[in-house]
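Model the full structure from these sequences, guided by the hints.
Using numbering that gives the first Met the number 0, the letters of the sequence shown map in sequence onto residues 0 to 700.
Honestly, the hints are just simulated from the structure, not real lab data. As the structure is a prediction and not an experimental result, all values here were calculated from the model. Worth double-checking, as some hints may not be accurate.
Here are the simulated DSSO-like pairs of lysine-lysine, each with C-alpha atoms no more than 30 Å apart in a straight line [unchecked claim]:
no.	residue 1	residue 2
1	K438	K482
2	K239	K412
3	K522	K571
4	K412	K522
5	K100	K412
6	K239	K469
7	K5	K24
8	K100	K571
9	K537	K522
10	K537	K676
11	K438	K167
12	K460	K170
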Amino acid sequence: MPKRRKKRKAMPEDAIFVLDIGTRKIAGLVGIQQGGSFFVRAAQVLDHEGRAMVDGQIHDISMVVSEVSRVREALEQQTGYSLDKVSIAAAGRVLKTCRIKVERELEEGREIDSHLLGAMEMEAIQRAQMQIDDSPAADDAGRYYCVGYSVVSYYLNDYIISSLLGHKGQKAGVEAIATFLPEMVVESLYTVMERAGIEVTYLTLEPIAALNVAIPSELRLLNLALADIGAGTSDIAVTKSGTVIAYDMVPIAGDEVTEAIAHNFLVDFNTAERIKLDLCAGKTDIEFTDVLDNQVVVRPEDVTAAIRPVVDQLAETISGRILECNGGKAPNAVFLVGGGSQTPGLSDAIADRIGIPRERVAVRDRSIVKNVLIEADMPSGPESITPLGILVTTGLFRGTDFFSVNVNGKSVKVFNTHGMRVADVLALAGFNPEQLICKSGKRLRFFLNGESRTLAGGIGKPAEITVNGKPGSLNGNVSPGDKVSVIPAENGEDARAVCGDFLAEFQPVTLKINREIHTIPHKIRINGEPADENALIKYNDYVDISMECTIKDIAQQFGIDLAQYIFEINGKNADHSYRLQGGEVIECLPKDLPEPEEPGPGPGKPAPVSESEQRKPEFNAGLPDSDDTEASDEGISVTVNGERILLPKKEGRIIFVDIFNHIDFDLSQPKGTIMLKLNGRDAGYTDTINEGDVIDIYWRG
0 MPKRRKKRKA MPEDAIFVLD IGTRKIAGLV GIQQGGSFFV RAAQVLDHEG RAMVDGQIHD
60 ISMVVSEVSR VREALEQQTG YSLDKVSIAA AGRVLKTCRI KVERELEEGR EIDSHLLGAM
120 EMEAIQRAQM QIDDSPAADD AGRYYCVGYS VVSYYLNDYI ISSLLGHKGQ KAGVEAIATF
180 LPEMVVESLY TVMERAGIEV TYLTLEPIAA LNVAIPSELR LLNLALADIG AGTSDIAVTK
240 SGTVIAYDMV PIAGDEVTEA IAHNFLVDFN TAERIKLDLC AGKTDIEFTD VLDNQVVVRP
300 EDVTAAIRPV VDQLAETISG RILECNGGKA PNAVFLVGGG SQTPGLSDAI ADRIGIPRER
360 VAVRDRSIVK NVLIEADMPS GPESITPLGI LVTTGLFRGT DFFSVNVNGK SVKVFNTHGM
420 RVADVLALAG FNPEQLICKS GKRLRFFLNG ESRTLAGGIG KPAEITVNGK PGSLNGNVSP
480 GDKVSVIPAE NGEDARAVCG DFLAEFQPVT LKINREIHTI PHKIRINGEP ADENALIKYN
540 DYVDISMECT IKDIAQQFGI DLAQYIFEIN GKNADHSYRL QGGEVIECLP KDLPEPEEPG
600 PGPGKPAPVS ESEQRKPEFN AGLPDSDDTE ASDEGISVTV NGERILLPKK EGRIIFVDIF
660 NHIDFDLSQP KGTIMLKLNG RDAGYTDTIN EGDVIDIYWR G
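Right under this line is the structure:
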C-alpha cells in the first residue's frame, strides 16, 4: 500500500499528469491545456536505483512503484495539486509483429476492385491475428489488439506489382505486416499504477506519443519513419498517407553503447553511462576513475572509436527494421528521438544503410514541439520528446485510448490508432472477408456439334456498407460509437441451359404429303446418349443436335410404301439412304406419272382431276388425310403473324412445330435465323400452344 500522503488541492480538470517509465529513468510532468496550447508547469526526472528495469521490462515491481511515488510527490510539491490521475504509454518492446501473405484465385475476366482488395487485406489481418493467438506467448499474454498494419507487396500471377486495382489475372496476392499489443501489458501497467495509488485515465503507445510531437500532422502524408532510441529498446513507427502503417521494436539501444564503454575502459555501468553523456555533451576531455582506481582522461575520439562497432550494429538493426516495416523501401526521411539518438555517428550510419542522404536523418529535440510552453526545469534534448508527446496526445485524444464500435449489432473494442478504418474494425470483429466479395455465377462451358460454347454466370450483388446509416466503404474512417452495418454480398446464379434452348438454331426438315405439311425434328444426344429438349446441359458436356433421319426412316415412320411412292427434294428424286439436312423440304409423290395434261376446261367446266390426286397414299395413324371442314369444328384459334387461324385438335397437346402445317412459310429458302415467338417471348419447337395464343415466326438476317 502506498504511504499516507499530504492532503492537497484537487487536480484541475485542465491539468494533465504524465509519467514516462523508461529503462534508465522515470520522467514525470504536469501540464495545463488551454485550447490547443499546453503549458508545462512542473517536471521531474528520476534515475532508477540499480537495474529495476531491463530492456523496457519491469523487473523489480516494488522498486518501480516506490520510484513512481517519489516522482509524483515531487510534482505535487511543485504544483500544490493532488495528482491521482495519470496518463502513461506502453513501450514499443511489448508489440508483436506478424508477417502474412494471402492469395486468392480470380474470376476469369474480372477486374480487381476496392472491395476485393479490402477483403484480401482484411483476411491478412485476421490470419495474422490467428497466428499471434496461436503462438506460445499468447497463452500468457491473453488477447491481442491490432494497432497497425502495412502492405509489403502486392502480387499478380505470382509477380510483384505496385497496385492491383483495375488489373485482371488468374491469381492475386497481398503480403502484409501487422502489429499487435498484448492485453496483458495493458493490465500490468494498470496494476503498477494501482499499487502506487494512481488511476490511469489514458494509455497510448510510446511511438504514437513521440510521433504526435516529432512529426507534425501536415507531414504525415509523406512516408516517414521515427526511431525512439531509449536505453533498453528502440521503438520504430512508420507513417504514410496520413496514418501510422507499422510499429516495431528492436531490443538494442543506448545500454549496448554504455556496456561497450564499460568493457573498453574498465569502469562500472554508472560510470560508463556518465562517460557516454559527456561524449554526447561534446566535452573535449572526459575524466573518470576505472575499477583499478586509476584516474583516466580520454579524448572524445577515443570513446567514439571504442563504441564504433556497437553503433554500426545498432544502425544496421534499426535500419533493417525500418525497411522491413516500410515494405522493403526507403522512407522519405527518418526522425530520431530518445536519449540514445544523440550517440555520435549514429544518424549518419542509419542514413548510409537505409540509402538516403544523411541530411534526411535528423535528431529531434524539444525545439520542434509546437504549441507547448515550458515553464519548468526539464531536459531539452531528444529524451524529452516522449513525455511531451504523452502530454499532447492526452490533450488531443483523452478518453479514447480504447473505444467501441457497433458492427451489425455487436460491440467491438478496438485500440485507437487515430486512423481506424471500416476494414480494420470488420477484421477485429471477425467478419468473413468472403462475404464482402460478390462473385459471378459459375460459367457453363460445353460443346455444341463440336463447337465450344460458354455461357456467362449471373452478375453478383456487392456488399452494402453503411456507417451511421450513410453509405460507407472499407477505407472509410470510424470514430468512437459509430454504427457499422454490412449486408453481405450476394453471388450471381450459375449459368444454366437445356438442350431445347438451342433448337431454334437448327432448321427442321419439312415433309409435304397430300397437301399437308409435317415437321421432322432434330435428334438430340448428350455425350453420345439420346436426350430430349428438357435435358440439362452440364459443364464440358458434348451436345449433338442433328438430323439423323434418312428417307427410309421417314417412310417407316409414316407407313409409306417405298415401292409405290418417291421422295423429291427441290424437284429431284432422293435416294432411300439419303440423310436429311436441316431446312430441306421433302415432297412425297406416287411413282405412277399422271396422264398428259388435257387442255384447260372451258368456262363453267370443272377441271379434270389428276391421277396423283386420285391416288392418295394411305398412311397409318401418323399421317391422317386432310379434312379441313371437319377439323375446323373442333380446333383452337390462334393468331400467327397477325392473321387468325384455326388449328385442328389432335391426340395429345398441340405444340409450336404444328403451326407450320397450317401456314404458308417457306422453310426451303432460309433468309437468316428463324425466330419463334409465343406471346412475345422466345419459344421452342416443343412449346405447348393454347387457345388465343399470339405467335410470330420470321427470319432474322
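Now for the hints, and whether the structure bears them out:
1. Only pairs whose Cα atoms come within 30 Å are accepted, and K438 paired with K482 is accepted, the gap being roughly 27 Å.
2. Of the pairs offered as hints, the one joining K239 and K412 holds, with about 25 Å between alpha carbons and a cut-off of 30 Å not exceeded.
3. For a cut-off of 30 Å, the pair hint linking K522 to K571 stands: about 25 Å separates their Cα positions.
4. Taking the CA atoms of K412 and K522, the gap is about 66 Å. The hint is violated against a cut of 30 Å.
5. The straight-line distance between the Cα atoms of K100 and K412 is roughly 26 Å, inside the 30 Å bound, and the hint therefore holds.
6. A distance of roughly 27 Å separates the Cα atoms of K239 and K469; the hinted pair therefore holds under the 30 Å criterion.
7. Distance check on the hinted pair: K5 and K24 sit about 25 Å apart at the alpha-carbon level, within 30 Å; holds.
8. With a CA separation close to 73 Å, the supplied pair K100 and K571 exceeds the 30 Å bound.
9. Proximity of K537 to K522 is assessed by CA-CA distance (about 18 Å); at most 30 Å being required, the pair is judged to hold.
10. Distance check on the hinted pair: K537 and K676 sit about 27 Å apart at the alpha-carbon level, within 30 Å; holds.
11. A C-alpha spacing of about 14 Å is found between K438 and K167, which places the hinted pair at or below 30 Å, so the restraint holds.
12. For a cut-off of 30 Å, the pair hint linking K460 to K170 stands: about 22 Å separates their Cα positions.
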